[in-house]
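Engineer: Top to bottom, those sequences are chains A and B. Going by the working numbering, the first sequence opens with residue 33, and the numbers climb by one from there. Going by the working numbering, the second sequence opens with residue 33, and the numbers climb by one from there.
There may be inaccurate statements among the hints.
A short list of chain B residues far from chain A (calculated; beta carbon distances all over 10 Å) [unchecked claim]:
(1) ALA94
(2) THR95
(3) PHE173
(4) PHE187
Now the stretches of chain B that chain A is said to cover, found in silico as 3 or more residues with beta-carbon under 8 Å [said to hold, decoys possible]:
(5) 34-46
(6) 87-93
What the hints contain is simulated information worked out from the structure, not anything from laboratory work. C-beta: ideal position from N, C-alpha, C; glycine also.
The chain contents come next:
2 protein chains.
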Amino acid sequence: MSNRFRFLGGQRGVWRVTGMTAVSGAGLDPVAAVDVVNNASPDVPDGTSWVLQGFTSNIRYATTTELRTLQAIQQPPGRPDSTRAALIPLKKTSQWWDLPQDARRRIFEETSHHTEIGLRYLPPIARRLHHCRDLGEPFDFVTWFECAPEYSAAFDDLLAKLRATEEWSFIEREVDIRLERAHG
Amino acid sequence: MSNRFRFLGGQRGVWRVTGMTAVSGAGLDPVAAVDVVNNASPDVPDGTSWVLQGFTSNIRYATTTELRTLQAIQQPPGRPDSTRAALIPLKKTSQWWDLPQDARRRIFEETSHHTEIGLRYLPPIARRLHHCRDLGEPFDFVTWFECAPEYSAAFDDLLAKLRATEEWSFIEREVDIRLERAHG
Chain A
33 MSNRFRFLGG QRGVWRVTGM TAVSGAGLDP VAAVDVVNNA SPDVPDGTSW VLQGFTSNIR
93 YATTTELRTL QAIQQPPGRP DSTRAALIPL KKTSQWWDLP QDARRRIFEE TSHHTEIGLR
153 YLPPIARRLH HCRDLGEPFD FVTWFECAPE YSAAFDDLLA KLRATEEWSF IEREVDIRLE
213 RAHG
Chain B
33 MSNRFRFLGG QRGVWRVTGM TAVSGAGLDP VAAVDVVNNA SPDVPDGTSW VLQGFTSNIR
93 YATTTELRTL QAIQQPPGRP DSTRAALIPL KKTSQWWDLP QDARRRIFEE TSHHTEIGLR
153 YLPPIARRLH HCRDLGEPFD FVTWFECAPE YSAAFDDLLA KLRATEEWSF IEREVDIRLE
213 RAHG
């Protein structure tokens, strides 16, 4: 499996768009569907409005204890009953990226409790983080979440908690795209 | 300026190769010269034997104090009297990349003193780090160093100190390429 994932927004795709919200900064053109492709091919099907892409990578903030806990309970995307998804591209401010590692860690976890909050919603909510700032993309991250329909409210609750943190004061662009697919 | 740099090894180039050593793992094909190009273009001149590429990125380990000290004294590559250079691509083991952030930080600085050792040789030795593991390249980093001829021995001393650290036990491939150019 390549570490590169692309998200193609267009008229057709496995995931039907049920909602798109520009949470901060500029939105993305409305599309009817999204396809997730595990490669870095430059080929784009006709009718594609936009392409987001990023790579999975090593852990950037989690400590030994946090990583062990995460790895013990997190589930990968792709479970058959995960028919709801969210695609949330994010861009942080240049001020964030200029911070030293210890200052970013402090905000990420000691004040914002990013991992701790996320852990409360595992394993029902599966998550995959894609980095793209280093590729010169318009966003810094593309985040992908999946869950069964009965956990949609819990997912909204998770997002509300994260958006209220100090870390989120460094988010200058965020688009929230909700998706549904047939039971797989 | 793009964050993407390419290093073209071939028969012609600004930097004349004075030595190539496979320090760990497989070496690279011998070349006569290297050119450094600040873009991600797929175009490669005839006679190019190999291309290394990577991106500059945010700081991954330095703390507030370390970063402040670094920024106060480090010099960028490109000084006219910097006519000696070293191009050293490195690959770390998968064991390294699977470590949580705090464990990597501990090895990088608390036991190996990577930043502390480097600081002793600033400002004479200029340095730029390029990341490439996330691009699926054969190396994880391409490191580039420049100095005036009178600091070549100090540079060898710096490298010897780093290669003796615990961090270097996680290096599985390293090629050391030395270069010279006419005074600019």
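Engineer: None of the hints should be skipped; say for each whether it holds.
Structural biologist: Hint-by-hint comparison with the structure:
1. At the 10 Å boundary, the C-beta of ALA94(B) falls inside the reach of chain A, the nearest C-beta of that chain being 5 Å off.
2. With a minimum CB-CB distance of about 4 Å to chain A, THR95(B) fails to clear the 10 Å threshold, and the non-interface call is violated.
3. No beta-carbon of chain A is positioned within 10 Å of the beta-carbon of PHE173(B); the least distance is around 13 Å.
4. Listed as outside the interface, PHE187(B) is consistent with that label: its C-beta sits roughly 26 Å from the nearest C-beta of chain A, beyond the 10 Å cut-off.
5. Proximity of the stretch 34-46 of chain B to chain A, defined as three or more residues with a beta carbon under 8 Å from a beta carbon of that chain, is established by the 3 residues found.
6. Against chain A, the stretch 87-93 of chain B contributes 6 residues with a C-beta closer than 8 Å to a partner C-beta. That satisfies the three-residue criterion, and the hint holds.
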